[in-house]
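Please work from the sequences and hints to get the whole structure.
So for the sequence shown, the numbering used here puts the first residue at 1; every next one is plus one.
The set of hints was computed from the structure by calculation and includes no laboratory data. It cannot be assumed that every hint is accurate.
As the list claims (entries may be wrong) - Think about it this way: if two alpha-carbon atoms lie no more than 20 Å apart in a straight line, the pair counts; the simulated SDA-like pairs of lysine to any residue are: (1) Lys56 - Gly11; (2) Lys68 - Thr110; (3) Lys146 - His95.
Please read all numbers here as calculations on a predicted model, not as lab measurements.
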Amino acid sequence: MKIRDLDSDYGQQLFNLQKEAYKVEADMIGFADIPPLLETYEQFIHCHETFLGYLKGDALVGALSFSKENRQMLICRMVVHPDYFRQGIADALLHALQLQGDWEKISVSTGKMNLPARNLYEKNGFTHKDDIEASTHFFISIFEKKHSFYVGHDKKHKK
1 MKIRDLDSDY GQQLFNLQKE AYKVEADMIG FADIPPLLET YEQFIHCHET FLGYLKGDAL
61 VGALSFSKEN RQMLICRMVV HPDYFRQGIA DALLHALQLQ GDWEKISVST GKMNLPARNL
121 YEKNGFTHKD DIEASTHFFI SIFEKKHSFY VGHDKKHKK
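Next up, the structure:
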């Protein structure tokens, strides 16, 4: 097992991996129009996100993408190949993300009915912030995690 930053050499593997993973999510939540499922390869390779990949040998079996601005990180994609579900890969990717330098807050959204993803984020210290209707009768849940240094720092300076 190895987690590493992924470069453009992994583009097609990442694209295929996300299609496999998001198909399972779409079936689970009953919503086929998840944006990554509608994305073309050309759109995908120009997404301007940073990717972390989880490799077993030479096989890419999980990935997380994020953007970062002013110590705020946004998880854009979290995907694990269905053959590798429930093996701790998403946990490992979240842990690796939190080692990506100075950050104050990480935000992520997932389908409200995606209970495995909701449980993953809550188990890893994320707090549910809101549910938003993204499409007619389809809701996404927003989660956030504040870095413990900044949480303590904020409390000291708000008095």
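Against the structure, the hints come out as follows:
Annotation: proposed proximity of Lys56 to Gly11 holds, straight-line Cα distance about 17 Å (limit 20 Å). For the hint pairing Lys68 with Thr110, the CA-to-CA distance comes to about 18 Å; that is within 20 Å, so the pair holds. Taking the CA atoms of Lys146 and His95, the gap is near 14 Å; set against the 20 Å cutoff, the hint holds.
Violation of the numbered hints given earlier is absent; every hint is satisfied by the structure.
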